[in-house]
Amino acid sequence: KSPLSCSPSPMRGPLLAAAGGAMGGAGGPLARTIRAKLTAALEPTHLEVRDDSPRHGGPPGAETHFGVLVVSGHFAGLPLLQRHRLVHEALRAELAGPLHALQVITRTPEQWQSDPHASPPPPCLGGSKREQRHR
Amino acid sequence: PVVVFMKGSPAQPLCGFSNAVVQILRLHGVEDYRAHDVLQDPDLRQGIKNYSNWPTIPQVYLNGEFVGGCDILLQMHQNGDLVEELKKLGIRSALLDAEKDQEKK
Numbered sequence: 514k515s516p517l518s519c520s521p522s523p524m525r526g527p528l529l530a531a532a533g534g535a536m537g538g539a540g541g542p543l544a545r546t547i548r549a550k551l552t553a554a555l556e557p558t559h560l561e562v563r564d565d566s567p568r569h570g571g572p573p574g575a576e577t578h579f580g581v582l583v584v585s586g587h588f589a590g591l592p593l594l595q596r597h598r599l600v601h602e603a604l605r606a607e608l609a610g611p612l613h614a615l616q617v618i619t620r621t622p623e624q625w626q627s628d629p630h631a632s633p634p635p636p637c638l639g640g641s642k643r644e645q646r647h648r
Numbered sequence: 757p758v759v760v761f762m763k764g765s766p767a768q769p770l771c772g773f774s775n776a777v778v779q780i781l782r783l784h785g786v787e788d789y790r791a792h793d794v795l796q797d798p799d800l801r802q803g804i805k806n807y808s809n810w811p812t813i814p815q816v817y818l819n820g821e822f823v824g825g826c827d828i829l830l831q832m833h834q835n836g837d838l839v840e841e842l843k844k845l846g847i848r849s850a851l852l853d854a855e856k857d858q859e860k861k
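Here the protein sequences line up with chains S and F, keeping their order.
As numbered in this note's numbering, residues 514 to 648 make up the first sequence, in order.
As numbered in this note's numbering, residues 757 to 861 make up the second sequence, in order.
Bear in mind the hints are in silico, worked out from the structure with no lab data behind them.
Worth double-checking, as some hints may not be accurate.
[Stated by the list, open to error] Under the rule of at most 16 angstroms between Cα atoms (straight-line distance), these lysine to aspartate or glutamate pairs were calculated in the EDC-like manner: (1) F/844 with F/821; (2) F/805 with S/602; (3) S/550 with S/602; (4) F/843 with F/853; (5) F/805 with S/607; (6) S/550 with S/561.
[Claimed, not checked] Interface residues of chain S toward chain F, partial, derived using beta-carbon atoms under 8 angstroms: (7) 593; (8) 594; (9) 597; (10) 599; (11) 601; (12) 603; (13) 608; (14) 615; (15) 616; (16) 617; (17) 618; (18) 632; (19) 635; (20) 637; (21) 639; (22) 640.
[What the hints assert, rightly or not] So the derived list for chain F, only partly shown, Cβ under 8 angstroms to chain S, looks like this: (23) 763; (24) 769; (25) 770; (26) 772; (27) 775; (28) 776; (29) 807; (30) 811; (31) 812; (32) 817; (33) 818; (34) 819; (35) 824; (36) 827; (37) 830.
Fair warning: this is a prediction, and the values are worked out from it, not measured in the lab.
Using N, Cα and C, we set each Cβ at its ideal position, and we do this for glycine too.
Using the sequences plus the hints, can you model the full thing?
Structural data, given as structure tokens:
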């Protein structure tokens with residue numbers, strides 16, 4: 514449906530283009546909420562929000578599994594655990610609700626400038642859906 | 757010293773993020789750890805999230821201290837912090853031996 518974008522960053526791809534990450538605005542309602550809350554809480558210099566739900570058996574637009582890449586000066590001097598807690602705090606309501614999984618990558622602006630790459634998420638292995646089939 | 761709350765078991769992880777934790781630990785030669793399958797116990801699944809104030813599974817604990825989930829463990833592995841943390845627990849990472857082998861060549 515959405516055109517493949519030929520972009521060098523490994524985080525980009527058809528899903529991100531569909532979520533409107535580069536264009537800043539499109540994507541499902543949860544994607545927009547995530548983007549808005551992270552922007553308000555962490556004032557990122559760079560932000561990517563990715564709906565990974567299709568990779569986990571959900572239909573496109575399911576909005577259950579997300580990955581976020583947040584580049585923010587707020588992370589300076591903070592250990593990884595504290596950085597991730599800041600992200601979780603901003604998305605507390607969503608994590609208590611429809612957001613089932615969240616991959617989080619945090620960088621300070623300096624870290625991102627020196628290494629603008631992020632590892633892709635691990636492949637889905639089925640989760641509780643698979644567990645039920647075994648029974 | 758190493759405790760993991762995950763989906764499935766180390767022999768058969770049922771979630772990509774839980775599997776990532778198992779694989780990273782395996783790379784460091786850490787195979788002898790307590791693994792709790794939260795899919796077997798809904799009370800445990802919610803309880804451990806309340807305990808650590810962390811919303812997702814997997815969760816990694818080193819010497820009773822919550823360290824983080826799969827993303828954090830991966831970054832610790834990539835930047836060398838995991839080798840150091842294991843050393844504090846008296847666990848010598850297998851990757852140190854791998855490096856030594858490389859130096860011999």
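Q. Holds or violated: residue 811 of chain F as interface residue toward chain S, Cβ cutoff 8 angstroms?
A. Interface hint status for residue 811 of chain F: holds (4 angstroms vs cutoff 8 angstroms).
Q) Between residue 805 of chain F and residue 602 of chain S, does the CA-CA distance stay at or below 16 angstroms? A) Roughly 14 angstroms separates the two Cα atoms, so the pair holds.
Q. Close enough to count: is the Cβ of residue 639 of chain S nearer than 8 angstroms to one in chain F?
A. holds, 6 angstroms
Q. Given the hint that residue 550 of chain S pairs with residue 602 of chain S, does the C-alpha gap stay at or below 16 angstroms?
A. Holds - the C-alpha atoms of residue 602 of chain S and residue 550 of chain S are around 10 angstroms apart, at most 16 angstroms.
Q. With 8 angstroms as the cut and Cβ atoms as the points, is residue 772 of chain F at the interface with chain S?
A. holds, 4 angstroms
(Q) Restraint: residue 599 of chain S near chain F, CB-CB cut 8 angstroms. Satisfied or not? (A) violated, 13 angstroms
Q: Mind checking the alpha carbons of residue 805 of chain F and residue 607 of chain S for me, to see if they're no more than 16 angstroms apart?
A: Since the Cα atoms of residue 805 of chain F and residue 607 of chain S sit roughly 15 angstroms apart, the hinted pair holds (cutoff 16 angstroms).
Q | Minimum beta-carbon distance criterion (8 angstroms), residue 769 of chain F to chain S | A | It holds, given that the least Cβ distance between residue 769 of chain F and chain S is near 6 angstroms, below 8 angstroms.
Q: With chain S as the partner, please determine if residue 830 of chain F meets the hint condition of a C-beta pair closer than 8 angstroms.
A: holds, 7 angstroms
Q. At a threshold of 8 angstroms, is the proposed contact between residue 818 of chain F and chain S supported by beta-carbon distances?
A. The hint is violated - residue 818 of chain F has no Cβ within 8 angstroms of chain S, the shortest such distance being about 12 angstroms.
Q: Grab the minimum C-beta distance from residue 776 of chain F to chain S and call the hint holds if it beats 8 angstroms, violated otherwise.
A: holds, 4 angstroms
Q | residue 775 of chain F as chain S interface residue, shortest Cβ-Cβ below 8 angstroms | A | holds, 6 angstroms
Of the hints listed earlier, those the structure fails to meet are numbers 10, 12, 29, 32, 33, 34, in rising order.
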